[in-house]
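Put together the whole structure using the sequences plus the hints.
Which chain is which? The protein sequence lines are A and B, in order.
Heads up: the first sequence begins at 4 in my numbering, then just goes up one per residue.
Heads up: the second sequence begins at 4 in my numbering, then just goes up one per residue.
Take every hint as true, because none was put in to throw you off.
Covered by chain B, according to a simulated footprint, are these stretches of chain A (three or more residues, beta-carbon under 8 Å):
#: 1; region: 146-159
#: 2; region: 204-210
#: 3; region: 250-262
#: 4; region: 336-343
If you only want the chain B side, here are some residues facing chain A, beta carbon under 7 Å, derived:
#: 5; residue: His147
#: 6; residue: Leu149
#: 7; residue: Asp206
#: 8; residue: Ser212
#: 9; residue: Phe215
#: 10; residue: Val219
#: 11; residue: Pro223
#: 12; residue: Ser255
#: 13; residue: Ser257
#: 14; residue: Thr260
#: 15; residue: Ala262
#: 16; residue: Ala342
Simulated from the structure, these hints should not be mistaken for laboratory data.
Note that beta-carbon positions come from the ideal geometry of N, C-alpha and C, so glycine has one too.
2 protein chains.
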Amino acid sequence: MSISIESPADFHVHLRQGSISNLIVPHVRKGGFDLAYVMPNLKPPITTTEQAFKYKAELEKIDPNVEYLMTLYLSPELTPDEIRKAKQAGVVGVKSYPRGVTTNSDGGIESYEAYYPVFEAMQEVDMVLNLHGEVPSDADANIHVLNAEPTFLPHLFKLHQAFPALRIVLEHATTRAAVEAVKKCGSTVACTITAHHLALTVDDWAGQSWNFCKPVAKYPDDRQALRDIVKEGHPRFFLGSDSAPHPPHLKSTSTPTHACAAGVYTSPVLLPLVAHLLETFGALDRLQGFVSKHGRAFYRQPIRQQKHARIVTLRKTLEKRLVEDKYVLDNESLVPFWAGKEIGWEIAEIAQIN
Amino acid sequence: MSISIESPADFHVHLRQGSISNLIVPHVRKGGFDLAYVMPNLKPPITTTEQAFKYKAELEKIDPNVEYLMTLYLSPELTPDEIRKAKQAGVVGVKSYPRGVTTNSDGGIESYEAYYPVFEAMQEVDMVLNLHGEVPSDADANIHVLNAEPTFLPHLFKLHQAFPALRIVLEHATTRAAVEAVKKCGSTVACTITAHHLALTVDDWAGQSWNFCKPVAKYPDDRQALRDIVKEGHPRFFLGSDSAPHPPHLKSTSTPTHACAAGVYTSPVLLPLVAHLLETFGALDRLQGFVSKHGRAFYRQPIRQQKHARIVTLRKTLEKRLVEDKYVLDNESLVPFWAGKEIGWEIAEIAQIN
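Put into structure tokens, the structure is as follows:
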């Protein structure tokens, strides 16, 4: 059995910087994807058009055959003028991080009202707002990693109401509440879902640091809601892998004073992994919509406009195939999600479209 | 400032077996405690009176100055006759583990009805039933590590109703629901609370394997309920540390295929740690009740009957004091909970009572 997908697009990916990028960037195409919507949480974060295109040039130097869509990091430095400049230059979106919730988010936002002039400009020029939809933990208010996303959702509604024409993506949804919230919103609000959140629940990261990421995987009922909306083929829900590599020693080990790094690395096995997961809950017929069509439609990124589009054909693995234990390049190494686990699909053939 | 406690008693502790016990057992007294209620989840589990007393002799060989209260592991081999024999010999309780939920619990129970004849005998001879109050995870029923304890509570009510005179201890409660459930029960039902569950929430073990234990620490509101019941000085709630040592490499590291070990090791710093924690929420005046009087009253273990009882005096640390990074003996080493963290109390003086 085989299945062919037109130009898969990953609408949320971390490609990092420096030498580790030489290992990471080629994994976008290795994992079956032609388009990468690139997160701006570098050190320092990407806050200007100039930085974004300097970064894009670095990525293209490593692999020129991927379509990189660039984003800016929402921060007080960002002005409406910079938004107009960014749009003209081809920057696609602006990513908002809550302060301190995930990797390199120390400069993240604390409240949205201060950014309304920026959002006004984004709405005007039609840029996309990407929301990391969690509020910081607060023990006094009983806010913790498990309810940080539901607690964020009123912000989503408020922003959508204030800027109904602003395209907003709630990133890496993990809860039934988030799925319901996005469904309730109008056509300008969409939602990415990762591969790993279709696989994991809280039980999988309890004591298992390789499955630990932010947002954390939630309860089985939440995972079911994610699976159901993918199976339904809802056009405003699509793949954003949030593939987030960390050095293996920071993933595997925590010390009494330091937690392990949050993030799951799916890029190099992404398309086979998504096919495998969708098959487990009977949604294989939704694969092309989920990994290409829906996101491209929302982002207005038709395949015909893309330089290096491909048709990627997956086949059921004929022999038992395990996810690689490790990828190595020079002094860098990375361990993928599901390392050593059996996976039922593999890339069989790739043909150029454009 | 100093505070003196009469013969502290830890009503739930894991002392293990083999060479590692030489390091662990002396930590009971080092941590300020004279009595250890010893868990039976060895390999193989302690299921007979004979095994229990063989194990007790091993522990006494290592440190003869602790009062060891022995327990049996509830399993199909346990008969009403064995219960009567155990009681006569001085075994105090029977511990029930749900299958597969925690360390060495593969032989744990799946449903209670089959054990009613055993419970009948226990009620008759006045032995204590110690419940690990969690049900196994079940994704289809949306049962996971965070709601495994609340989902167990109907079993507690049912057992208490069926055996109203049977003394039952719900071990290491972690949720508001569990606290409320125990309060609702009659005087034959009590509850242990660990030191670490007074300190941790889910945020503390997310990506931090040293704080990972079963039951997992829950939400801030649950921790508040534990703190409140201690502060209230409720006589049916008392300390059971569930101090559970694991080799450091199994605690610090998870591999893609193996999670880290569940358990937090508090024994060697237990009394100072509990004092420190109670002080943070204004319950220092409840210290003696929580670590000695309440548990001794429920278990009918008065200090006057104990061979090696002491008065342990704690004082506020005069200089900054950090919890030890590691304890080493021969080839064995263990890392305590809160290693490297500042602790505000220390043992100043110990005087013999009996």
